[in-house]
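**Q** Kindly generate the complete structure, drawing on both the sequences and the hints.
2 protein chains.
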Amino acid sequence: LQKLGKADETRDAAFEEMVANFNKQMTEGTKLQKDLKAYLTAVKTMHDASRRLQDCLAEMYEPDWFGKEEMDAMAEDTDTLWLDYHQNVTDKSLVTIDTYLAQLPDIKARIAKRDRKMVDFDSARHHFASLQKGKKKDEAKIAKPAALLEMAAPSWAQGLISAHQVAQTNLSYNQAEEELGRAQRIFEELNVELQDELPALWDRRVGVYVNTFQSLAGHQEKFHKEMSKLSQNLNDIMTKLEEQRQLNEEAN
Amino acid sequence: LQKLGKADETRDAAFEEMVANFNKQMTEGTKLQKDLKAYLTAVKTMHDASRRLQDCLAEMYEPDWFGKEEMDAMAEDTDTLWLDYHQNVTDKSLVTIDTYLAQLPDIKARIAKRDRKMVDFDSARHHFASLQKGKKKDEAKIAKPAALLEMAAPSWAQGLISAHQVAQTNLSYNQAEEELGRAQRIFEELNVELQDELPALWDRRVGVYVNTFQSLAGHQEKFHKEMSKLSQNLNDIMTKLEEQRQLNEEAN
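Protein chains in written order, with our numbering: chain V, 1 to 252; chain C, 1 to 252.
In case anyone wonders, no lab produced these hints; they're calculated from the structure. There's no promise every hint is true.
It does not matter which identical chain is used: a pair holds within one copy or between any two.
Using 30 angstroms as the maximum straight-line C-alpha spacing, the simulated DSS-like pairs for lysine-lysine come out as follows [unchecked claim]: (1) 68 - 37; (2) 117 - 24; (3) 222 - 44; (4) 141 - 108; (5) 31 - 133; (6) 141 - 44; (7) 133 - 34; (8) 117 - 136; (9) 31 - 113; (10) 229 - 31; (11) 229 - 37; (12) 31 - 108; (13) 31 - 240; (14) 225 - 68; (15) 222 - 137; (16) 34 - 68; (17) 135 - 222; (18) 92 - 240; (19) 141 - 24; (20) 108 - 44; (21) 108 - 34; (22) 137 - 44; (23) 222 - 92; (24) 133 - 117; (25) 37 - 240; (26) 24 - 135; (27) 31 - 68; (28) 136 - 229; (29) 24 - 240; (30) 68 - 24.
**A** In C-alpha cells form, the structure reads like this:
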C-alpha cells in the first residue's frame, strides 16, 4: 500500500500539471473571447464615427462641386467595407473561439467528477485496509486461547461466537473489496479518459489561436488595403475640388 | 425716402442671404469639428481594443513558438502606427477646423453690431425725417397769417415767438442731421466691411473642407496601407506557427 501510495502521488502530480494547463487555457481562451468581442465593439464604434464624418462631408457638399456622385458612391463602399469586416471577424475568429470555449465546461465538470471519484476511491481503500487489518487479528485470535468474553459465555456457545465473528468479518471484507474494486474502476475510467484528452486539448489551443489570428489578420489585411484605396479616391476628389475652386476664384 | 427704402430693402435681402450663408457655414463647421473629434475618440477606442487583443496574443505566446520576437516587434509597430495616425489627424485636420472656427465668433459679433447700428441709423433717419416735416410746416407758417397762439400774445411779442421757434427747429434739425450722418457712417463702415468679408468667408469654407478631408484622406491612406502590411506579417507568422505545430505533432 505504501508503494501504491507513492505511485499515486507521482501520477497525481502529473495530472495536476494537466489540470493547471487546462485552467490556463480556459483563462486564456476566456480573455481572448472577451478581448475579441471588445475589439468588434470598437470596430462598430469607429465605423459609426467614420460614417458620421463622411455623412457630414456629404451634407456640406454642394451639388455643383466636383465629384458629388463619386463621393456618395464612395461613402456606400466604405460602409460596406466596414460591415463586411465586422461580419467576417465575427463569423470566423469569434466563432472559432466560441466553439473552442464551448467544450471546456464539460471537461471542467469531468475534472471535478474525477476529483470526487478519487475521494470515493480513497475512502473505499482506507475502509478495506482497516477491515483487512481486523481480519488478520481475528485469524490470529482463533489460533490463540479463548478470549475473556468467550470464557464468560456458557460452554455450549464456546466457539460459535468466534465462528460468527469470522463469518461477519468475511462478509464485510468481501463487500468492502467489491466496493473498492468498483470505486477504482469508476475513478480509473475517468482518469484515463482525462489523461488522454487533457494533453491533446492543451495542444489544440495552438491551432485555435492560429485560426483565430490568421483569419483576423487575413480579413484585416484585405480591409485595410481596400480602405487605403478608398482614402486615395477621397484624396483625388479633394484635389479636383480644390482645382475647381481655384478656377472659380480666378473667373470671379 | 420711399425710393431709398426700396434700395435698402434690396440691399438688406442680399445681406440677409450672406448672413444665412454665414450661419450655415458656422453650423456646418461646428458639426464637422464635433464629428472629427468623435472620430478621433473612436480611433483611440479602436487602437486600445486592438492593442489589448495583440497583448492577449503576446501573453499566450510561448517563448518557443515560431516568431515570438517578430510578434513583439510587430505589436510595437502597430502601436506606433495608431498613435501617429491619431496625432496626424489631430495636428492637421482638427487644427485646420479649429483655426477656421476660431475666427467665426468675431464675425458673428460684428453682424450683431451691424444690426444694432442699422437700428440706430433707422431711428436717426426717422427722427430727422419727422423734424424735416416739422421744419417745412414752420416755414409754411411764417409765410401764412399769424396762428391762434401768436394772436393771443401781446403785440410786441408778435413775430418773436415764431422767430424763436424757427431758430429752435433749425438747431434740432441740424443736430439730427449730424446724428443721422454719424449713424449712417458707422453703419455703412460695418456694412461695407461685412459685405466684403462674408462672401469671401463663405467661399473659403470650400478650401477648409478640402484641407481637412484631403489631409485626413492622405493620413488614412498611409495608415491603412501600413496596417495592411502589418496584418500580412501577422498572417505569415501564424502560417509558420501552424507549420511548426504540425511538425511537432508528427514528431510526437
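**Q** Hint by hint, which ones does the structure fall short of?
**A** 4, 5, 6, 7, 15, 17, 19, 20, 22, 26 and 28
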